[in-house]
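Undergrad: Sequence:
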Amino acid sequence: MSTHYATLGLPANAPPAAIRQAYRRLVLLTHPDRTPDPAAHQRFLAVNDAYDVLRDPARRAAYDATLRRAAAPAFRPPSPGSAPRNSPPRHARPGPQAQPRRQSKTVSFDLRPYARPIRWLGRLLLAFGLLLLLDYGCLDYTAPARCLALKVASPDSMTTLVTTRGRADVYGPLPADILAVPLQVRSSLIFRFVREVLLPDGRALPVQRRGTSLPGFVCFMLPLALLSQWSWLSLAMRLNALMLAGITTVLILLLLLR
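So the sequence shown is numbered by full-length UniProt numbering: it starts at 1 and just counts up by one.
A few of these clues could be false.
[Said to hold, decoys possible] What follows is a list of derived Cβ distance ranges for each label pair:
(1) R203 x T164: 18 to 26 Å
(2) R24 x P117: 22 to 30 Å
(3) Q42 x A149: 52 to 60 Å
(4) L134 x R69: 55 to 63 Å
(5) K151 x V53: 52 to 60 Å
(6) P113 x V53: 13 to 21 Å
(7) F191 x P113: 29 to 37 Å
Note that these hints are calculated values from the structure, not bench results.
Glycine residues also receive a C-beta, built at the ideal position from the N, C-alpha and C atoms.
Make the full structure from the sequences, and use the hints.
TA: Here's what the structure looks like:
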């Protein structure tokens with residue numbers, strides 16, 4: 001019977017340091033990024049499964065107990081013709097039979113089929129976060145634009161200009177003909193973060209940059225997406241990191257659409 005110890009090439013009494021060393025060696029040999037062999041990929045999944053069990057002392061103890069029970073000889077009931085040696089007298093009542101203890105079973109979900117989707121979704125979130133940071137901080141250009149609508153919060157506070165090159169939050173008075181005059185808008189290349197709005201006479205409107213909280217969310221999401229790519233972590237930990245990165249990405253998208 002193939003066991004987790006046999007998968008890692010170790011004896012059953014191997015110390016934790018030997019288990020970690022064997023896991024690292026086998027992961028480097030069978031990682032899908034190093035070899036496209038399907039057999040190597042299956043062995044890579046088996047090595048991860050074995051390490052998930054043996055690196056946890058509680059799970060390893062339960063697994064060792066299961067192996068010992070499987071190796072113990074099965075109990076053979078006495079034949080019908082043979083009488084028990086110490087049979088109780090007929091008039092004696094047998095005591096209540098002790099009910100066997102219920103052994104708690106740990107239900108484990110096989111995450112190995114999801115290893116490739118976890119890796120690709122994590123890379124997609126990494127690319128999205130890096131592109132958003134690059135666009136927010138570096139990529140911009142100036143182009144002609146016109147104002148399509150105004151959203152006034154109050155006469156003396158912020159006014160949102162909806163232009164053909166994005167939205168801009170402006171503080172202070174605006175020209176009365178702002179909807180008719182041509183504008184020069186400096187915005188980012190991809191997500192159109194407006195950085196500057198110029199009137200025809202060259203005056204710049206007092207624009208407050210939108211999405212100032214976006215870099216913080218992106219910097220929180222990127223390490224989580226990076227953890228989902230770390231092959232030293234178990235699949236469960238990589239899935240948890242990917243889920244947190246996905247939730248943060250949803251918040252980022254809501255801020256972009258606001």
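Undergrad: All hints are to be evaluated individually against the structure, with a verdict given for each.
TA: Evaluation of the provided hints:
{"no.": "1", "hint": "R203 x T164: 18 to 26 Å", "result": "20 Å, holds"}
{"no.": "2", "hint": "R24 x P117: 22 to 30 Å", "result": "24 Å, holds"}
{"no.": "3", "hint": "Q42 x A149: 52 to 60 Å", "result": "59 Å, holds"}
{"no.": "4", "hint": "L134 x R69: 55 to 63 Å", "result": "57 Å, holds"}
{"no.": "5", "hint": "K151 x V53: 52 to 60 Å", "result": "58 Å, holds"}
{"no.": "6", "hint": "P113 x V53: 13 to 21 Å", "result": "18 Å, holds"}
{"no.": "7", "hint": "F191 x P113: 29 to 37 Å", "result": "35 Å, holds"}
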